[in-house]
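Enquirer: Model the full assembly from the supplied sequences, consistent with the hints where possible.
Just so you know, the protein sequences line up as chains A and B, in that order. Residues in the first sequence are numbered consecutively from 1, following the working numbering. Residues in the second sequence are numbered consecutively from 114, following the working numbering.
Ranges of calculated distance between the beta carbons of each label pair, as one might list FRET restraints: (1) A/Val30 / B/Ser471: 37 to 43 Å; (2) A/Phe80 / B/Val614: 32 to 38 Å; (3) B/Trp527 / A/Ala84: 45 to 51 Å; (4) A/Ala70 / B/Val614: 17 to 23 Å; (5) B/Leu133 / A/Ala84: 16 to 22 Å; (6) A/Phe80 / B/Ala477: 43 to 49 Å; (7) A/Val11 / B/Leu409: 42 to 48 Å; (8) A/Val77 / B/Ala410: 40 to 46 Å; (9) A/Leu91 / B/Leu133: 19 to 25 Å; (10) A/Glu2 / B/Thr587: 53 to 59 Å; (11) B/Thr221 / A/Leu87: 15 to 21 Å; (12) B/Ala477 / A/Leu91: 33 to 39 Å; (13) A/Phe26 / B/Thr521: 48 to 54 Å; (14) B/Pro391 / A/Tyr18: 27 to 33 Å.
With a cut-off of at most 25 Å between alpha-carbon atoms, the simulated SDA-like pairs for lysine to any residue come out as follows: (15) B/Lys270 / B/Leu254; (16) B/Lys270 / A/Ala81; (17) B/Lys270 / A/His101; (18) B/Lys270 / A/Glu96; (19) B/Lys615 / B/Gly167; (20) B/Lys270 / A/Ala84.
Rather than coming from a laboratory, the hints here were simulated on the basis of the structure. Here the structure is a predicted model, which is why all the values come from computation and not from measurement. Idealized CB from N, CA, C, for every residue including glycine.
Next come the chains, spelled out residue by residue.
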Amino acid sequence: MEALIAIVIAVMSSCGIYLMLRGRTFPVIVGLTLFSYAVNVFIFVMGRLHTDAPAVIAEGASYADPLPQALVLTAIVISFAMTAFLLVLALRARAELGNDHVDGHDAEDVKSP
Amino acid sequence: MSHLIILPVLLPLLTGVLLLLLPRKRRLLIHTVSLASAALLMVFTVQLLLRANGIGYEVYALGNWAPPFGIVLVLDKLSALMLALTSTLAFFSLLYTAAETGQRSGQTLHALSHFLLLGVNGAFLTGDIFNLFVFFEILLLSSYSLLLQGGGPARAKAGLHYVVLNLAGSGMFLIAVAILYGLTGTLNLADMAQRVTQVSAADAPLVAAAAVLLLLVFGLKGAVMPLYFWLPRAYASATAPVAALFAIMTKVGVYAIIRVYSLVFGDEAGELAGVALPWLWPLALLTIVFSVIGVLAARELRIQIAYLVIVSVGTLLAGVALNSEAALSATLYYLLHSTWICAALFLLADQIVRQRGSSEDRIASGPALRQGILLGSLFLVAAVSIVGLPPLSGFIGKILLLQAATGTQAVWLWSIILVASLAVLTALSRSGSTIFWRTTSETLDNAPAAGRFCLTAIFGLLALGVALVIFGDTVLEYTGALAQQIMQPQGYIDAVLGHTVKELPHE
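Expert: Now the structure itself:
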């Protein structure tokens with residue numbers, strides 16, 4: 001299971017980083033979202049993967065660490081708020097700059113993706 | 114346990130919320146509440162500074178959860194100094210906001226500034242690395258909105274870059290925190306400092322990777338060499354009081370670097386001791402070199418000042434990378450100086466822009482300034498200070514830093530800082546003489562004179578710089594004791610882990 005999760009995180013973050021490097025704002029936002037998903041799964045996995053383990057501490061048994069779940073929850077809330085803000089900002093930039101390129105170039109300068 | 118420590122976090126939060134609830138039309142009330150809160154914050158932080166000067170450490174367990182399980186706030190000499198610096202800067206910046214907004218209420222600007230203070234103060238106080246991330250996000254989210262205040266294409270573009278970069282940075286921060294948690298099993302900085310000495314040899318490279326990843330994140334906040342390209346545009350396009358307030362933002366990055374790499378990866382961290390230092394030293398010097406090129410090449414005054422902020426970051430990090438008590442003491446003295454003076458320069462540039470009409474802040478011949486002599490003299494004081502010429506504060510900071518360097522490091526530091534100072538001197542004399550002397554004979558008819566309170570804010574910040582010289586002995590005594598405290602992280606660890614919470618009476 002570890003290998004599968006590791007591959008999932010790797011694919012998700014590499015797709016995210018690739019999209020982040022694109023020239024238009026929308027792919028960048030999708031890329032950031034994917035990257036933050038990968039980060040969230042990564043934090044979760046840092047509590048180690050368990051099945052059938054009690055949620056907190058049980059006598060002598062291995063237990064699922066509850067702290068990463070709390071951390072992930074915080075990270076999800078923050079990244080959700082930031083993504084919403086970035087979407088609004090991207091719309092605003094689109095209106096102010098007249099196009100959706102991250103550097104605000106004219107439409108002719110940019111090859112369509 | 115005194116509750117004074119939590120007040121620098123609570124007060125801006127409550128003020129920010131209150132400011133948003135006040136009716137928009139009551140301009141005077143909004144300004145008064147905002148400024149009164151900032152003044153009160155100044156009183157609290159000075160009190161904390163005095164207290165930190167007396168005692169070693171003070172630990173505040175939030176929710177009465179004993180460390181390392183709960184989140185702690187830790188007051189030591191470094192955090193107290195940073196808090197006092199922030200509150201003074203915030204007071205003058207808000208004074209300028211209140212004076213400058215005129216007919217508009219500036220309600221959101223005031224409220225967001227207080228939320229920014231909440232994040233900055235929290236980041237300085239917290240003793241928990243995940244909590245540090247949360248406070249970083251709070252200050253970033255407020256800074257995004259502050260940066261966009263006023264609208265316009267330049268701000269939208271700079272804002273977009275700033276937000277995207279920092280969101281990517283936040284992701285990196287989380288990865289680093291998760292690795293550290295996964296391998297040490299703790300988020301408390303003091304506890305982590307103990308655990309990193311015990312990590313197995315197989316895990317050590319992973320911890321080192323997390324440590325360097327953290328440097329990347331803090332470097333992005335602090336605008337270190339390959340990560341500073343967002344800063345000049347962003348700071349130059351922000352409104353003046355916001356840019357002045359942002360002078361503290363890069364210092365948050367520097368603070369985080371000092372805190373994490375002295376406490377967790379300090380000299381006692383065994384295999385991982387000084388894991389960031391080999392990176393920090395060349396990057397700091399490169400930052401100085403590249404930003405000085407920026408200062409020389411800038412065609413607008415505000416861009417030039419923004420590059421001066423980066424020069425100061427490079428100088429500070431070089432001081433941190435020297436990793437000695439004397440260097441750290443000089444670094445912190447320089448940190449106070451550069452924050453206040455850069456903020457004053459941003460405010461001053463705004464006044465210059467207002468009196469030059471369509472010439473704005475381009476470093477080219479334009480109309481004469483209405484208050485040329487007054488603004489010119491203020492510019493001279495600020496420029497002399499930031500270049501590091503005697504007798505003002507920059508000189509003392511730089512000379513102490515140069516003295517602290519030894520061996521080959523001294524050769525590098527002396528040559529780079531001295532050449533950089535000369536270049537900055539040249540660039541600032543050129544901008545000053547162009548803007549104030551190479552003018553057409555008439556002033557603009559509709560140029561507004563600088564308001565009384567705007568000038569008070571600029572005077573105040575410059576006066577703090579002068580005070581650094583007059584009370585230099587006291588300040589250096591404090592920063593010396595501070596550096597000693599930072600170089601012996603065991604005290605911090607003992608204070609936090611030895612902290613016992615008071616049992617609440619059962620019913």
